[in-house]
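Once you've looked at the hints, dock chains R, C, H, B and X against the given chain G.
There are 6 protein chains.
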Amino acid sequence: MTIVSRLFSFADRVSAPQQAHAHCDLPCGVYDPAQARIEAESVKACMEKFNGSDDNVFKTRAVMIKEERAELVKHHLWVLWTDYFKPNHLEAHPELHELFWNATKAAGEAKKTNDVSVAEDLLAKIGEIDKIFWETKK
Amino acid sequence: MTIVSRLFSFADRVSAPQQAHAHCDLPCGVYDPAQARIEAESVKACMEKFNGSDDNVFKTRAVMIKEERAELVKHHLWVLWTDYFKPNHLEAHPELHELFWNATKAAGEAKKTNDVSVAEDLLAKIGEIDKIFWETKK
Amino acid sequence: MTIVSRLFSFADRVSAPQQAHAHCDLPCGVYDPAQARIEAESVKACMEKFNGSDDNVFKTRAVMIKEERAELVKHHLWVLWTDYFKPNHLEAHPELHELFWNATKAAGEAKKTNDVSVAEDLLAKIGEIDKIFWETKK
Amino acid sequence: MTIVSRLFSFADRVSAPQQAHAHCDLPCGVYDPAQARIEAESVKACMEKFNGSDDNVFKTRAVMIKEERAELVKHHLWVLWTDYFKPNHLEAHPELHELFWNATKAAGEAKKTNDVSVAEDLLAKIGEIDKIFWETKK
Amino acid sequence: MTIVSRLFSFADRVSAPQQAHAHCDLPCGVYDPAQARIEAESVKACMEKFNGSDDNVFKTRAVMIKEERAELVKHHLWVLWTDYFKPNHLEAHPELHELFWNATKAAGEAKKTNDVSVAEDLLAKIGEIDKIFWETKK
Amino acid sequence: MTIVSRLFSFADRVSAPQQAHAHCDLPCGVYDPAQARIEAESVKACMEKFNGSDDNVFKTRAVMIKEERAELVKHHLWVLWTDYFKPNHLEAHPELHELFWNATKAAGEAKKTNDVSVAEDLLAKIGEIDKIFWETKK
Chain G
22 MTIVSRLFSF ADRVSAPQQA HAHCDLPCGV YDPAQARIEA ESVKACMEKF NGSDDNVFKT
82 RAVMIKEERA ELVKHHLWVL WTDYFKPNHL EAHPELHELF WNATKAAGEA KKTNDVSVAE
142 DLLAKIGEID KIFWETKK
Chain R
22 MTIVSRLFSF ADRVSAPQQA HAHCDLPCGV YDPAQARIEA ESVKACMEKF NGSDDNVFKT
82 RAVMIKEERA ELVKHHLWVL WTDYFKPNHL EAHPELHELF WNATKAAGEA KKTNDVSVAE
142 DLLAKIGEID KIFWETKK
Chain C
22 MTIVSRLFSF ADRVSAPQQA HAHCDLPCGV YDPAQARIEA ESVKACMEKF NGSDDNVFKT
82 RAVMIKEERA ELVKHHLWVL WTDYFKPNHL EAHPELHELF WNATKAAGEA KKTNDVSVAE
142 DLLAKIGEID KIFWETKK
Chain H
22 MTIVSRLFSF ADRVSAPQQA HAHCDLPCGV YDPAQARIEA ESVKACMEKF NGSDDNVFKT
82 RAVMIKEERA ELVKHHLWVL WTDYFKPNHL EAHPELHELF WNATKAAGEA KKTNDVSVAE
142 DLLAKIGEID KIFWETKK
Chain B
22 MTIVSRLFSF ADRVSAPQQA HAHCDLPCGV YDPAQARIEA ESVKACMEKF NGSDDNVFKT
82 RAVMIKEERA ELVKHHLWVL WTDYFKPNHL EAHPELHELF WNATKAAGEA KKTNDVSVAE
142 DLLAKIGEID KIFWETKK
Chain X
22 MTIVSRLFSF ADRVSAPQQA HAHCDLPCGV YDPAQARIEA ESVKACMEKF NGSDDNVFKT
82 RAVMIKEERA ELVKHHLWVL WTDYFKPNHL EAHPELHELF WNATKAAGEA KKTNDVSVAE
142 DLLAKIGEID KIFWETKK
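Protein chains in written order, with my numbering: chain G, 22 to 159; chain R, 22 to 159; chain C, 22 to 159; chain H, 22 to 159; chain B, 22 to 159; chain X, 22 to 159.
Treat each hint with caution, since some may be false.
It does not matter which identical chain is used: a pair holds within one copy or between any two.
Straight-line Cα separation of at most 27 Å, DSSO-like style, residue types lysine-lysine; simulated pairs [unchecked claim]:
| id | residue 1 | residue 2 |
| --- | --- | --- |
| 1 | K80 | K107 |
| 2 | K158 | K107 |
| 3 | K70 | K107 |
| 4 | K107 | K133 |
| 5 | K133 | K158 |
| 6 | K158 | K70 |
| 7 | K80 | K159 |
| 8 | K152 | K80 |
| 9 | K159 | K70 |
| 10 | K158 | K126 |
| 11 | K70 | K133 |
Simulated from the structure, these hints should not be mistaken for laboratory data.
Chain G extracted, bound-state conformation (with noise of 0.2 Å):
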């Protein structure tokens, strides 16, 4: 079982019975870090797909499409920064700037490269704020 796997089924448990979540201006009120999570699952798989063919067409759909599910993964874990976190949250988890500011930077890399650890990397930290997150809606 890998860091990211546990990472993920710790935040199961504490998340369960997991209810929706906030992600628009209004607020609603409906945020959810598995919209990011996903994205980064698909940044990984479009790196294991180049990785393995030798199409030089797919391959270049492969780099394309991790481009802009590289940009929503940034996308998401900047709403969740801005629009979720508040400054209680972050009296408890500090580390919450620097985790997010590392995260995004994360994304931004895993456009440049298809080295799988770099998504990896990318999912443990998204697997960290998914942690935290859960943590403050106990």
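Chains R, C, H, B and X only, in chain G's frame:
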């Protein structure tokens, strides 16, 4: 416990340990009905906020944001229908076409009203899709 | 005269004097399969340009632009399916669900290949939809 | 028969058998003023729906959707102006710059009002562009 | 002379001769806080237009457009924070995380109100970011 | 000092104290040619990065991102042309139509090549627009 939450909790059981799943045309193979569900929860929350307010500007913003979120619900559902589901899934679940048609029509209806039961009906339909989705993953 | 152009010329006859037709969820009531067809022609043209070139940068751009145009085809078709067609249309044309499913799947296939026959198949399916669309307008 | 429909019916005659035509910067060579016209018909329909309703939420949605559709009109017209028309077309049709400038300004005006005559004026201008477009195709 | 304009005029001095600067993940290396500032000026202008009008449709449009412009402010600021600023910048300017967090939160607040002072506060924060940005360019 | 930088430095002089300036159809009244210029600088930087690299994936990404940035240049220029400039500006500057037509065509050309002189020509044209823009503000 509502029908919707029962459907999701069933989906939660059948889908564990919830690996990730295709949503682009590479295809990367990462799909997840949670994307549609999160936006639909946002649609429902916008309706509740609209109904609970008597501030015209706020109500305008609720209508506007609900419109966008409902469009995202439609998009995520269309992607699942066209890209994830294959002829063999349709054989096992012949109701799929009608279910997606009605679910995306329900998302369209949710743009036109602030009647929360319309959003709940939408969520119930997404719950049915979610259940079938995870059954095909077994 | 190809099957595709015959289908369109038939549609041209039945649709005259070609009034305009709904594509938003107001709904404004303006729909027109021409939107999907124009993008699909662009998909086909991108393939032809790709096949006729030996400039790698140009070929990369053709793949990239085809991806966007095929996505627009899917979007315009999904909108027609969910928003324009009503239960009474489905009774008269029970093949509609399968036709739209296959047409949007064909648009997805067109992203993955530069085989012009795939784009022609997509255009033929849009032609069938166009024919049914204009019959419902009579 | 209005001026607009006469212009379009003229365009219909000159443009038959209406092959398809460029709208990206590859360029794929597929252009068609129908894209702008369909969105402009939607703008007009939104105005009519706005004027015929006394439901505030519906009216808000009509304004919002009209704004998007009018933006699409502008986009499709700008693409035609910059990408399709060439210096030799301008020599033959020296009014093109002024015509596109006024047509896109009319689309901007259509965002600001629910006066249907503004949308009709926009449609008439698109009709003039359509006529010139198909003349250049002869 | 307000605090905001003083900050900008200071930035003008330190940034001359204003070369250009990264805003994509290539990265192309072209960044400029002017992008966020221009959109924030638009947010402020929308508020002023809203406050100065008694036309409901116009006011609705002002709210709608302000929402989009404020979202663009957030986007441009997030890009600067994640993509431009590096660990060595943070060492020299440890307030950066908090400053960007508060500036993007201020853009979110600006969606919810037509109180011009909120837009001015947003502009002041962008001014502080602009000042630090150009200091890192020296 | 190149022609481009001279044009901009002239614009800098005439435009001080650089107030802000309309770019939506409210209209909010905030326009600024800097938006087009920043994206055009990015286009140029993408070309330079493309030419300086022999990594195929990196080159693909440079082409892809340049395509997006050039599209943004076109958009910002079109908005200025249609929305900011009025008939009285055209009387004083009768070259405006031709200048915007050529500038947006240059942005289209920049998508098709990695010849930096094309981007420099684009920047020079934006510089001319910028100069006229700030003259109309005097």
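ask   = Can you give the numbers of the hints that this structure goes against, from lowest to highest?
value = 7 and 8
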